[in-house]
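**Q** Below, each chain spelled out in residue letters.
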Amino acid sequence: DMKVTQMPRYLIKRMGENVLLECGQDMSHETMYWYRQDPGLGLQLIYISYDVDSNSEGDIPKGYRVSRKKREHFSLILDSAKTNQTSVYFCASSSGSANSDYTFGSGTRLLVI
Amino acid sequence: GEQVEQLPSILRVQEGSSASINCSYEDSASNYFPWYKQEPGENPKLIIDIRSNMERKQIQELIVLLDKKAKRFSLHITDTQPGDSAMYFCAARSTNAYKVIFGKGTHLHVLP
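Protein chains in written order, with the numbering used here: chain D, 1 to 113; chain W, 114 to 225.
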């Protein structure tokens, strides 16, 4: 069963702590994405990765960085988390072909206090 | 222009009636239009899509229409049921584009 797996599902962190969100996919997709979802704002693209060590900023990259050392793994890092980074974070992957859709992970619900 | 506008943001319909969600896009090179349904606490899931070589596509109670000239596309849910209550996102993707552009979502409430 092809899927995107996110860990952890829920996370509570204190302001200023570092946060690591992990994402894995078993479909050998080249392209992976990190989004955050907030009420009324829809899905906002944080970073996109075209393949290993080939990453690009999305629409809201400030306060985040990413790492992709293997095709199947894409990590989102928050150095010194802020309360306004409380959100639901979704990882997704795509084959990258012109008419391919996304497969989303189950999401990580992050609360920064 | 890479915006996708989606309206309405909230839609309430009576069970058994139809629901319509409308989206417009700016990039004339867009050629793939997926629709996602997101239930509370879940991730978005693809429910139907349409490519630019089509004007209409139907899967059971879901109908998608595409008007390339007007740069508009829409989702119609016929005979709505309580299980159709969810958030719906439209999206558009261009040839050679690595990402889809999402609308901001429509929260559909099907009232009993």
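Keep in mind that the hints were calculated from the coordinates and are not lab data. Honestly, I wouldn't trust all of these hints.
Stated by the list, open to error - 30 Å max Cα-Cα, derived BS3-like pairs, lysine-lysine: (1) W:Lys-217 <-> W:Lys-150; (2) D:Lys-3 <-> W:Lys-217; (3) W:Lys-170 <-> W:Lys-184; (4) W:Lys-170 <-> D:Lys-13; (5) D:Lys-13 <-> W:Lys-184; (6) D:Lys-82 <-> D:Lys-69; (7) D:Lys-82 <-> W:Lys-170; (8) D:Lys-69 <-> W:Lys-184; (9) W:Lys-182 <-> D:Lys-62; (10) D:Lys-70 <-> W:Lys-158; (11) W:Lys-150 <-> D:Lys-62; (12) W:Lys-170 <-> D:Lys-69; (13) D:Lys-3 <-> D:Lys-70; (14) D:Lys-3 <-> D:Lys-62; (15) W:Lys-170 <-> W:Lys-182; (16) W:Lys-217 <-> D:Lys-62; (17) W:Lys-184 <-> W:Lys-150; (18) W:Lys-158 <-> D:Lys-3; (19) D:Lys-3 <-> W:Lys-182.
What the hints assert, rightly or not - Listed next, with one range per pair, are the computed distances between beta-carbon atoms: (20) D:Arg-9 <-> W:Gln-127: 18 to 24 Å; (21) W:Gln-127 <-> D:Gly-63: 42 to 48 Å; (22) W:Asp-192 <-> D:Ser-80: 26 to 32 Å; (23) D:Leu-111 <-> W:Ser-131: 34 to 40 Å.
Just so it is clear, the structure is predicted and the values come from calculations on it, not from any experiment. Beta carbons are placed, not taken as given, at the ideal position from N, Cα and C, and that holds for glycine.
**Q** Taking the earlier hints as the rules, which of them does this structure contradict?
**A** Going through the list in order, the structure violates hints 4, 5, 7, 8, 9, 12, 19, 20 and 22 and respects the others.
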